[in-house]
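Note that the protein sequences, when read in sequence, are chains Z and P. End of the first sequence = 467 in our numbering, gap-free, step of one. End of the second sequence = 427 in our numbering, gap-free, step of one.
Because the hints were derived from the structure by calculation, they are not lab data. Be aware that one or more of the hints could be misleading.
To be verified - In the BS3-like style, the derived pairs of lysine-lysine whose C-alpha atoms are separated by at most 30 angstroms in a straight line are:
#1 P:Lys339 x Z:Lys99
#2 P:Lys410 x P:Lys398
#3 Z:Lys393 x P:Lys217
#4 P:Lys217 x Z:Lys460
#5 Z:Lys180 x P:Lys304
#6 Z:Lys180 x P:Lys332
To be verified - Derived contacts from chain Z toward chain P, CB cut-off under 8 angstroms, selection only:
#7 Lys62
#8 Arg104
#9 Phe138
#10 Asn169
#11 Glu181
#12 Asn188
#13 Lys190
#14 Leu216
#15 Ile291
#16 Asp405
To be verified - Listed next, the stretches of chain P that the computed footprint assigns to chain Z, with coverage defined by at least 3 CB atoms under 8 angstroms from CB atoms of chain Z:
#17 33-39
#18 253-263
#19 287-298
#20 303-310
The beta-carbon is built from N, C-alpha and C at its ideal position, and this holds for glycine as well.
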Amino acid sequence: MDSILFRSVKKFKSSILTLRVIAPIEKETLNERAIIGPVLAASTKKYHSKSGLSRRLNWLYGTQFSVYTMKIGFQSVISFQFVYPNSAFLPNQESLLEPVVALLHEIIYRPLILDGHFPNTVVNDEVRLLKESLESEYNDKNEYAFQQFRQTMFDGETYSLRTKGDLSTLDRLSSHSLMEYYQEFLKQPMLISLVGDGEEAMIKHIISKYFTLKPLNDRYLWIDTEASLHACPIVKREENHITQSKLFIGYRTQVTFDQPLYLAMQLFNMMLGDSDQSLLFKTVRERDHLCYSIGSTYDSNKGMILISMGVDSTNEQKAIDAVKSVIADMQAGLFEDSWLSIAKSLQTRRIQQRNDSLVSLAHADFYYQIIHDAPFDMDTWIQKNSQITHSDIVYCANQLILDTTYTLAPKEEHHEVV
Amino acid sequence: MKSFNPEFSEQLYSSVLPCGIRLAIMPKQDFSRTEIQLAVPFGSLTTRAYKKGSKEPIILPEGMAHFLEHLLFESETLDIPKRFAEVGAVVNAYTTYDKTAYYFQTTSDVIRPLELLIEMVMTAQFSEMAMKKEAAIIEQEMMMYDDDYEQQIYQSLLKQLYSSHPIRHDIAGTIESVEATTYQALMDAYRLFYHPENMVMVVVGNVDASEIQQKVESTFQRYLNRVNDYHHTAVIIDEISKKPSHHIVKKDVAIPMLMMGIRLKLTDTKTLWERAMDDIKMSFLLSGVFGKGGNIYRDLMKRHVINDAFDYFSSYEESYGHLIVFTETKKPSLSKKALIKALEQIKTTLPDEKQFELSKRKLIGEYIQMFDQISQLANQVLDYEMKSISLFDFFKELSALTYDDVLKMRDDILLDSLVSITFSN
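My request is simple: use the sequences and hints to build the entire structure.
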């Protein structure tokens, strides 16, 4: 696979450039991979501090920069991403492509190094920020409940590893150990993609001036196939200082992104809980008035459907029963074809709207390229969507295996001093 | 009126139609998506309204605009969201301090959902039974926000920063205020505000401007038999405290949260345009101090008194104005001292002139990028249109801002009104 991907799109006034660095996801390197990006962006030979980088980005007409690590299947992908305005709309029509590529090069290849390693202050600062960010998840009760759910359902599986980092081992990281990891990082496969304005030959020329990228030939595991099925579904309930119960119900399915039924499963999820026309919304909220928010998400790299909602603690069981009955109806094929056609048209619109967002296109291109070896093609997916039948949905519904029901509930006594 | 911005190749058609509605259309023919928003100037700050020819205000209880927003989706006979879905559109709504906005998004035909949107907003069909049902859902919505500490700390801060201004109240009101709202009161408020002469519609996306204009006018013709009694709304501006106050609230947090606010001076004589301009000037001033490019930000980070959750913003509107800083911190009292000092520095030291130039370049870039996202663009155009401000002209004036214009904003910061709220264990 080519290591420079380019999609020319004329309708936007800005462009998006992403460098991705790929490695297997491993418990031992979670923190290194979480922190190497922020450390590289915190100080370079030219820009010694974050302030310097921030001023440079302001100078480049508010170019937005972000660095994040994500998990796709068994791979860990670190992305360095820039969104910058196109030359046609800037004073003097100056092009920002080369300055942005040069800045990316500065971040990746020219970190500030003192005595053979990253400055201690830089590493310690980033460790502190990551630590506090992980700790403060407890302040966000919904996020905290979700993380507790994940740890419960995926205990012992690779999926439970978090690319954001691991608080329990973060203190082991030092500027020396990170420097060693940086040497590894430089050898890892890299890929640059650009969506937006420009001419392909010129773009490749500019990128090649700064980066020598090898084609991506290795086999990567983009789908997480690990599933430790429990003998019987797990039910866990914990308490916290909250007013409303946060309920998470996780199902497993073997239908994943690389399989023919992927789009049907996506559609099933949409009918189940991913819109205001979904059966969960219509039943649990509109008919039973048990909640304000309810939704379901489908992780197609893992094969998981997650239903989440906030309910009054006295209604937890009622809500769980309502969810189970909606799923049982779908498994029995008890849904109207008009609901299916509404969901199909909604899914078509979501596919179309990918072409309206630079960020979605940048993600979709990479994703479809690595898994299907072809860029995202809107028409193909719309065509596939239109062919999904009632029995495909029933088949998908029957692929669900209930795994974990997790509730974070209010403590009996509710302390609050205002 | 059509205005064209040649630098950005964008067009905005803005006019008041014969039926009374202000309509703004920005065609984006290369995009799949269209978003149409229809707004009324009825938000959570609208607590006193005056009818034409009357000096007695109508008092509107907390959370009424938001309750009405929920209820317009209700009908005894029709499944309103489903009707939108059947014609390929997704409908939703939101209530802010100063407006209620109903909107839909679609990638297919816009005419049918446009008719449905106007019909939904112009024909309240809810029953008293629907009120009970929606009150139960709103109660769950409020409980959800009760567990959202960022929302809670912000609300607690506003309660201390303002003594009587309705900004102190949650947009949704309270469980009690929602339960006490009667069908009659809701219908009275509905009839008062929901008239095309008080409304603004914004259309952004893959549309033909003249077709939309005709359709909006002809559809509203069906609802012109009602009388527009609405005259104006008023907010009583409260006194600004001259004594800083600090509050510590016990919460179950892993890292304490600290939010601080300061009132900004309001001048009665300013136009909406001038206020909107002041809002941007204030954000320039603040970015010189708290922006990542500045020495103060770097120093605060170095001393571990702020972390990546650190944020700051200002709001400058007709009846209220404040600036707010927020951080999570393991050293809340040190952070408080350091941030107070930083706030004082805004007034006592000259901001970095170079940073001002950088902020201006950033603003130009952000303005260009705004045109790439249909929904954000629709929100932006709506905000400006509700104040009768032209997006293009406003930007032109912004690019002419000077360092001295920004410096003048320092006088509006009323340090003595400072309030801090700490959520800690």
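> If you look at each residue in the stretch 287-298 of chain P, do at least three have a Cβ nearer than 8 angstroms to any Cβ of chain Z?
Replying inline: Coverage by chain Z holds here, the residue count being 5 at a Cβ distance below 8 angstroms.
>> Next pair to validate is lysine 217 of chain P with lysine 460 of chain Z; report whether the Cα-Cα distance is within 30 angstroms.
In response: Violated. Lysine 217 of chain P to lysine 460 of chain Z sits at ~55 angstroms, over the 30 angstroms cutoff.
> At a threshold of 8 angstroms, is the proposed contact between arginine 104 of chain Z and chain P supported by beta-carbon distances?
Replying inline: holds, 4 angstroms
> Has the stretch 303-310 of chain P got at least three residues whose CB is nearer than 8 angstroms to a CB belonging to chain Z?
Replying inline: holds (count 5)
> Close enough to count: is the Cβ of aspartate 405 of chain Z nearer than 8 angstroms to one in chain P?
Replying inline: holds, 5 angstroms
> Under the criterion of a CB-CB separation shorter than 8 angstroms, is glutamate 181 of chain Z in contact with chain P as hinted?
Replying inline: Hint holds; glutamate 181 of chain Z Cβ to chain P Cβ min 5 angstroms, cut 8 angstroms.
> If you draw a straight line from the CA of lysine 393 of chain Z to the CA of lysine 217 of chain P, is it 30 angstroms or shorter?
Replying inline: Roughly 28 angstroms between the alpha carbons, so the hint for lysine 393 of chain Z and lysine 217 of chain P holds.
>> Min Cβ distance, asparagine 188 of chain Z to chain P: is it shorter than 8 angstroms?
In response: holds, 5 angstroms
> Close enough to count: is the Cβ of lysine 190 of chain Z nearer than 8 angstroms to one in chain P?
Replying inline: holds, 5 angstroms
> Does leucine 216 of chain Z pass the interface check with chain P, least Cβ-Cβ distance below 8 angstroms?
Replying inline: violated, 10 angstroms
> Taking 30 angstroms as the top limit, are the C-alpha atoms of lysine 180 of chain Z and lysine 304 of chain P close enough?
Replying inline: The hint holds at about 15 angstroms.
> Does the alpha-carbon distance linking lysine 410 of chain P and lysine 398 of chain P stay inside the 30 angstroms limit?
Replying inline: Within the cut-off at roughly 20 angstroms; holds.
Hints 4, 10 and 14 from the earlier list are contradicted by this structure; the remaining hints agree with it.
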